[in-house]
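Asks: Let the sequences and hints guide you as you build the complete structure.
Read in order, the letters of the first sequence are residues 9 to 296 in the numbering used here.
No lab work stands behind these hints: they were computed from the structure.
All of these numbers come straight from a predicted model, not from anything done at the bench.
No residue lacks a Cβ here, since even glycine has one placed at the ideal position from N, Cα and C.
Just so you know, not all the hints are guaranteed correct.
Unchecked claim - Cβ-Cβ distance ranges computed for the label pairs, FRET-style:
1) 255 to 132: 46 to 54 Å
2) 76 to 159: 37 to 45 Å
3) 37 to 175: 27 to 35 Å
4) 75 to 156: 51 to 59 Å
5) 120 to 215: 31 to 39 Å
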Amino acid sequence: MPELPEVETVARRLQARLLGAEIRAAEVLWPRTIVYPQPPERFAMEVSGGVVHRVGRRAKSVVVYFDDGRVLTVALRMTGALIVAAPGTAPDPHARVVFDLADGRQLRFRDARKFGRIGLYPGRGRRRVADVFARHGPEPLAPSFSAARLAGRLRRRSARLKTLLLDQSFVAGVGNIYADEALWRARLHPLRRADTLTEAEIRRLHRAIRAALREGLAGGGASYRDYVDPDGEPGLAAERMRVYRRTGEPCFRCGRPIERIVVGARATHYCSRCQPAPVEPASVDQQP
DNA sequence: ACGCCTACCTGCTTGC
DNA sequence: TGCAAGCAGGTAGGCG
9 MPELPEVETV
19 ARRLQARLLG
29 AEIRAAEVLW
39 PRTIVYPQPP
49 ERFAMEVSGG
59 VVHRVGRRAK
69 SVVVYFDDGR
79 VLTVALRMTG
89 ALIVAAPGTA
99 PDPHARVVFD
109 LADGRQLRFR
119 DARKFGRIGL
129 YPGRGRRRVA
139 DVFARHGPEP
149 LAPSFSAARL
159 AGRLRRRSAR
169 LKTLLLDQSF
179 VAGVGNIYAD
189 EALWRARLHP
199 LRRADTLTEA
209 EIRRLHRAIR
219 AALREGLAGG
229 GASYRDYVDP
239 DGEPGLAAER
249 MRVYRRTGEP
259 CFRCGRPIER
269 IVVGARATHY
279 CSRCQPAPVE
289 PASVDQQP
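Replies: Right, dumping it as structure tokens:
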């Protein structure tokens with residue numbers, strides 16, 4: 009489940025391997041992977057000749073910038089992986105798009121569950137890459153993502169914290185893993201309403217989101233099943249999780265067993281002592 | 001604005 | 001051992 013730390017790791021390592029590389033040809037093995045341009049044959053034609061100038065990240069997408077200004081976006085979704093394969097490497101049965109590089113290597117988009125999406129956009133013109141990310145919220149690791157800015161966004165929302173953190177238009181790049189980790193670090197219950205947070209709690213949440221993401225990044229991302237870097241190597245961050253997939257195991261702060269509930273159809277892990285349940289307002293008809 | 005649902009997908013895990 | 005059901009969850013779109 010690649011989230012910000014995993015996608016950022018992929019982007020950094022891809023840039024180290026692909027800088028200056030030229031795409032000679034592309035083969036689309038699962039057409040629905042391609043969102044633009046259509047049809048996929050046109051995508052394959054147009055992406056050919058692209059020379060990699062830079063590889064970056066926006067939200068949970070890897071963004072490849074070509075020399076001529078065009079931009080390739082790769083949303084890994086659940087099981088997507090970008091693998092750089094040496095010449096002669098055995099074909100990958102889960103490869104959905106294969107890019108042949110001029111030096112003989114291949115860049116493979118592997119995606120067992122076929123949720124991933126790839127687009128190629130002109131640097132200027134009608135269909136812009138900016139539009140792809142127009143509805144995304146701020147980057148939580150950007151210097152401009154201040155506690156004050158988070159406070160402003162939280163105050164206007166009545167949604168549960170867990171739901172909000174997963175909402176990419178609220179903050180970009182946080183998924184199920186780091187949402188749970190951030191809430192544990194902030195000692196905030198996943199079902200707390202956003203507009204009930206005190207200033208101190210907002211500051212804790214702000215620090216916690218960034219700390220959880222940074223630790224994931226430091227470990228090269230968290231591998232549970234599918235996530236691997238461009239060399240096919242898993243990350244180490246899964247071993248450092250405080251609550252995610254630790255149901256029944258002791259809380260690292262207080263020892264109480266970690267609990268698992270379902271919020272918005274998502275598995276949610278938390279400590280019921282460190283993250284006290286929200287106090288619901290007393291109902292009107294509660295007279296004795 | 002929000003919660004809830006469905007669809008998209010396949011492979012691993014679980015239970016009988 | 002085999003097989004079916006359950007589960008994993010990012011995102012878009014629809015409904016109330």
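Asks: All hints are to be evaluated individually against the structure, with a verdict given for each.
Replies: We went through each hint and held it up to the structure:
no. : hint                   : verdict
1   : 255 to 132: 46 to 54 Å : 50 Å, holds
2   : 76 to 159: 37 to 45 Å  : 42 Å, holds
3   : 37 to 175: 27 to 35 Å  : 32 Å, holds
4   : 75 to 156: 51 to 59 Å  : 39 Å, violated
5   : 120 to 215: 31 to 39 Å : 35 Å, holds
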